[in-house]
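Visitor: Just need the whole structure built from these sequences, with the hints factored in.
Chains as they are written, first to last, in the numbering used here: chain W, 1 to 114; chain D, 115 to 229.
In case anyone wonders, no lab produced these hints; they're calculated from the structure.
Being a predicted model, the structure only gives us computed values, none of them experimental.
Idealized CB from N, CA, C, for every residue including glycine.
Careful: at least some of the hints might be erroneous.
[Claimed, not checked] In the SDA-like style, the derived pairs of lysine to any residue whose C-alpha atoms are separated by at most 20 Å in a straight line are:
no.	chain 1	residue 1	chain 2	residue 2
1	W	37	W	61
2	W	101	D	165
3	W	37	D	225
4	W	101	D	171
5	D	176	D	136
6	W	101	D	159
7	W	5	W	37
8	W	37	D	119
9	W	101	D	216
[Claimed, not checked] In silico negatives: residues of chain D with every beta carbon more than 12 Å from chain W:
no.	residue
10	132
11	134
12	178
13	180
14	182
15	184
16	194
17	197
18	198
19	227
[What the hints assert, rightly or not] Short derived list, chain W residues pointing at chain D, Cβ under 7 Å:
no.	residue
20	42
21	43
22	44
23	46
24	97
25	99
26	104
27	105
28	106
29	107
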Amino acid sequence: DQQVKQNSPSLSVQEGRISILNCDYTNSMFDYFLWYKKYPAEGPTFLISISSIKDKNEDGRFTVFLNKSAKHLSLHIVPSQPGDSAVYFCAARLIIQGAQKLVFGQGTRLTINP
Amino acid sequence: DARVTQTPRHKVTEMGQEVTMRCQPILGHNTVFWYRQTMMQGLELLAYFRNRAPLDDSGMPKDRFSAEMPDATLATLKIQPSEPRDSAVYFCASGSHRVFLSPLHFGNGTRLTVT
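Guide: Okay, structure coming up:
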């Protein structure tokens with residue numbers, strides 16, 4: 001039962017243009033949503049998050065949008081840079097017994113072309 | 115810069131052998147997670163601990179996988195006996211429940227190949 005889904009395994013974008021990565025979820029109990037970025041041979045690193053009570057959070061070139069009614073979130077990167085080429089994981093948080101549990105999607109491989 | 119340390123980075127073993135993966139969480143973090151990265155499932159949660167106590171290991175195949183935290187500086191994930199379908203990258207992550215939204219910090223993973 002995949003509670004967090006990233007339906008696009010890969011995305012290719014021209015440098016300088018906007019990258020849009022999408023994520024869908026099924027569990028209404030998630031209270032925070034996060035994006036992690038992963039380079040080859042490294043662990044995922046935290047990028048940006050959004051509370052379930054917000055609909056937008058911006059941090060520099062990165063903006064995350066949340067549409068709670070559609071159970072959908074997206075990450076916008078503008079302008080895209082070659083260093084943004086990586087695998088991006090969407091994650092959703094549940095609090096269980098006082099511990100935060102992150103449920104991840106399958107990941108989307110973003111390639112920024114010069 | 116505090117890091118989660120995982121050893122070994124790579125492990126190649128034959129089917130049926132025991133595999134032990136180790137993780138040193140960031141000092142002061144009291145939650146530890148084991149994830150497995152596969153192409154189909156992405157990052158699957160195998161088990162997690164709070165204050166060294168297991169909270170949920172429902173993601174693990176119980177007959178062959180076991181996870182423990184012998185002390186606050188060491189978490190282990192064991193597979194016995196290993197099978198080719200266990201081949202994947204295994205990540206350990208740690209976090210602090212004392213901070214409302216404390217992003218998990220991941221190690222660089224153990225790439226396991228079972229032949």
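Visitor: It remains to establish, for every hint, whether it holds in the given structure.
Guide: Checked hints:
1. W:37 / W:61: With Cα atoms ~14 Å apart, residue 37 (chain W) and residue 61 (chain W) stay inside 20 Å; holds.
2. W:101 / D:165: Holds: residue 101 (chain W) and residue 165 (chain D) sit about 14 Å apart, inside 20 Å.
3. W:37 / D:225: holds, 18 Å
4. W:101 / D:171: holds, 12 Å
5. D:176 / D:136: holds, 18 Å
6. W:101 / D:159: holds, 9 Å
7. W:5 / W:37: With a Cα-Cα distance of about 16 Å, the restraint between residue 5 (chain W) and residue 37 (chain W) holds, given a limit of 20 Å.
8. W:37 / D:119: Roughly 18 Å between the alpha carbons, so the hint for residue 37 (chain W) and residue 119 (chain D) holds.
9. W:101 / D:216: Between residue 101 (chain W) and residue 216 (chain D) the Cα gap is close to 11 Å, so the pair holds against 20 Å.
10. 132: holds, 24 Å
11. 134: holds, 19 Å
12. 178: holds, 22 Å
13. 180: Correct as stated: the minimum Cβ-Cβ distance to chain W is 20 Å, above 12 Å.
14. 182: Consistent with the label, residue 182 (chain D) stays out of reach of chain W, its closest Cβ about 17 Å off (over 12 Å).
15. 184: At about 19 Å from chain W, residue 184 (chain D) clears the 12 Å cut-off, so the statement holds.
16. 194: Residue 194 (chain D) clear of chain W: closest Cβ-Cβ about 25 Å, beyond 12 Å.
17. 197: Since the minimum Cβ distance to chain W is about 22 Å, residue 197 (chain D) lies beyond 12 Å and the statement holds.
18. 198: holds, 21 Å
19. 227: Holds, because the least Cβ-Cβ distance between residue 227 (chain D) and chain W comes to about 15 Å, which exceeds 12 Å.
20. 42: holds, 5 Å
21. 43: At about 3 Å, which falls below the 7 Å cut-off, the nearest Cβ of chain D leaves the hint on residue 43 (chain W) intact, so it holds.
22. 44: Since the shortest Cβ distance to chain D is 5 Å, the answer is holds.
23. 46: Holds, about 4 Å.
24. 97: holds, 6 Å
25. 99: holds, 4 Å
26. 104: Interface hint status for residue 104 (chain W): holds (4 Å vs cutoff 7 Å).
27. 105: For residue 105 (chain W), the interface hint holds, since the closest Cβ of chain D sits about 5 Å away, which is under 7 Å.
28. 106: Since the shortest Cβ distance to chain D is 3 Å, the answer is holds.
29. 107: Given a least distance of 5 Å, the restraint on residue 107 (chain W) holds.
Of the hints listed earlier, there is not a single one the structure fails to meet.
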